[in-house]
Amino acid sequence: MTRREDGELDAKLRRIYREREPVPFREELKAQVLRDMYARSGEAAYVPAARRRRGWISAAGLWAAGVAVAFVCLVVAVPKAAWHTASDQEMAKHAQHQPVQRVVRGYGLEYAPIEVLDVRVGTLPGEPANSCVLAELRNTSSQTIAEPDVMGVLWFTPKGGGEENWLTFVNAPAQGLKPGQTITWGFHPSGPHAGTSQALSETPHLRFFYSQSASADTANLVWSEAPVEVEDVQVLPVPGGSGPTWQSADVYATLVNRSSRAVNLANERAVIWFSQQPSDTFFNPSVVRFLFHVTPELPGVTWPTTLRPGARARVEFRVLSAKETDFFSRICHVVVLDAPLVPKD
Amino acid sequence: MRHARRKETPAGDAQLLAEWMELYGGDVIRLAYSYVHNFHKAEDIAQDVFLRAWQHYGEFQGHSSIKTWLLSITANRARDVLRSGVERRELADDGEAFARVVEPTDPADVVANKLARDAVWRAIRTLPETYREVMELYYGNDLTTREVAEVLGVRDQTVRTRLHRGRIMLEQALAEEGGMGRDQA
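Protein chains in written order, with the numbering used here: chain A, 1 to 345; chain B, 1 to 185.
Excised from the complex, chain B in its bound form:
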């Protein structure tokens, strides 16, 4: 349903929606990707997220930022998609698709950095979704723990706990990979 908070004209709607996509489109796709690990599915989710946001803008209370609200819809939508079971069979992408390679000039450093980075991403991907989503929102989107809590609909303390446990699990996973983590960064 359309609500009074919505701008009344389609021109206003289009402008608003285009603005959201411009500002937060990448964040939405990235968060969706962190769940489904498939870029095209992530784009599908993003498309759905913006349409849902547009349809439900009247219900947006303004207690959080638009970004937090959009990420919240994204997280819910991505979980729905995963729960549907269809996407689990399609987790085909290999590695962290959006990881940028910032290459040092020394070839030895290049290899070491790449190995370390790859190891971290591999380890992150092995984390249970509960911890991975918190990491993505906290580190990947620069949200505060309180904002992460808003997105996920949990308490601030829960987010802090998950972040801490997630880092411990990550440390263990990296140690199992052969110490490619903390010491070589």
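Isolated chain A (complex conformation):
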């Protein structure tokens, strides 16, 4: 190779390397590194200047030796960057001598001032009989509530009573709610809770929350993050999985049990959201969000019910949304939370 040829190849290589896409350093990865940093430093959590819009809740409790009771109360809202996790081993070590702080990662939710009355199974125009949930919503505040201000959770319990066995995010009325106004709200869910006739056979429940993370002082409910790390999230189109007005996509993720105890995935819930910005949480009104049980629903898809410490499971969820939803140009996030996510009615 002559010097000139060497120079040409040099220039070409430089160009080719420069044309590469920037490599993302995912927010989840950053958070994991910071979490590990705190775990290794063994220092208490702190409240740094907020760098992100993500809001997280710490819960602190007393952990007393030989007493299987923990008093958990919210102490402070901190960004994810400030997570501090005390491992079970650390706790056990300290438990012999003194109370130690236990920090739970999670999201704080505050009830929206929407009174929900007469939640019932009914029929919306164009939908199969008794395949919808209807309710009366009343704005109990003195402010108009716009649709993006709140997010709802609709869930079902078995007819004879019992725990939530299916849940989904829902929106508030598109037209908003004026102070004191009452309107009838309706939603057509799809999922395994419905029989082949699509008629709903279980008891629906509905609650609305502000669409923003709540501080410790104002949170009515905390969605605690499970000790399950989510890796390798992929979104793929579903062959034939679209219609004139809707489309579906399959979300794949690998769950890793990072704790020292087995995790029963039947007791976990997955929140999946598609955002435009990496730092958007599922609270952000611009995201497309979904709620799932972490149990296989799709035909032919299986994964273990129990995740042993250190074990991994590849899971799959099918999300459904309007045709115009840009699933593939958004960032997909998956987080696993401990059930229950819904309040006791």
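Hint data in this document are derived by calculation from the structure and do not stem from the laboratory.
Mixed in with the good hints there might be a few duds.
Across the chosen pairs, the derived CB separations fall in these ranges [stated by the list, open to error]: (1) B/Gly153 / A/Ser321: 45 to 55 Å; (2) A/Arg14 / B/Leu82: 23 to 33 Å; (3) B/Gly62 / A/Pro304: 41 to 51 Å; (4) A/Gln277 / B/His56: 32 to 42 Å.
Heads up, simulated EDC-like pairs for lysine to aspartate or glutamate below, C-alpha to C-alpha not over 20 Å straight-line [unchecked claim]: (5) A/Lys12 / B/Glu176; (6) B/Lys67 / B/Glu22; (7) A/Lys323 / A/Glu127; (8) A/Lys12 / B/Asp142; (9) A/Lys12 / B/Glu171.
Keep in mind it's a predicted model, so treat the numbers as computed, not measured.
By construction, the Cβ of each residue, glycine as well, lies at the ideal position given by its N, Cα and C atoms.
Given the structure of chain A, go ahead and fit chain B onto it with the hints provided.
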């Protein structure tokens, strides 16, 4: 061990660490990827690199830039991982995962460019690690030969030699592919 050079508060640590990840996270993953050719493994290595950097910041002498120092840890860590033998069985990714396609408008050019680019990446991947790592650091990270030498712990002249030999090997590999390299760029 924690050293005096470290900021004393966890808040300071977190801020510093977050800053490193923000600025150099992509470079670290890319370099790790150039060794293990598996994005998830590269992320694992990157995670480890930043934690190690945080733990050993007190030992950082400041003779090189933070980036060079982080890349040096990355190269060492990636080699360790490869030496462990585990990762060799997992080199599953196909092609250069981070190569961007800058498409010309003429379909013929599109095909020609893609073929040429693919051929180059294929050829780069056939290079022995010694040459590939130098190329990645020099071309991929825009480091000088001296900085590459710092990262790899070798002499500047060694880097220059490896770069030159690497290009020769690349040229030969491309010629064997059917002349998809220099002439069609």
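Okay, the hints, checked on the actual structure:
As the Cβ distance of B/Gly153 to A/Ser321 is approximately 52 Å, the hint placing it in 45 to 55 Å holds. Take A/Arg14 and B/Leu82: their Cβ atoms lie about 26 Å apart, and the range 23 to 33 Å holds. For the pair B/Gly62 and A/Pro304, the supplied restraint of 41 to 51 Å holds, since their beta-carbon distance comes to about 49 Å. Checked against the hint of 32 to 42 Å, the pair A/Gln277 and B/His56 passes, with Cβ atoms roughly 33 Å apart.
Among the hinted pairs, A/Lys12 with B/Glu176 is consistent with the structure: their alpha-carbon atoms are about 18 Å apart, no more than 20 Å. For the suggested pair B/Lys67 and B/Glu22, the alpha carbons sit about 12 Å apart, so the restraint of at most 20 Å is met. A distance of roughly 18 Å separates the Cα atoms of A/Lys323 and A/Glu127; the hinted pair therefore holds under the 20 Å criterion. Restraint check for A/Lys12 and B/Asp142: the C-alpha separation of about 14 Å stays at or below 20 Å, so the hint holds.
At roughly 11 Å between alpha-carbon atoms, A/Lys12 and B/Glu171 fall within 20 Å of each other, so this suggested pair holds.
Hint compliance for this structure: every hint is met.
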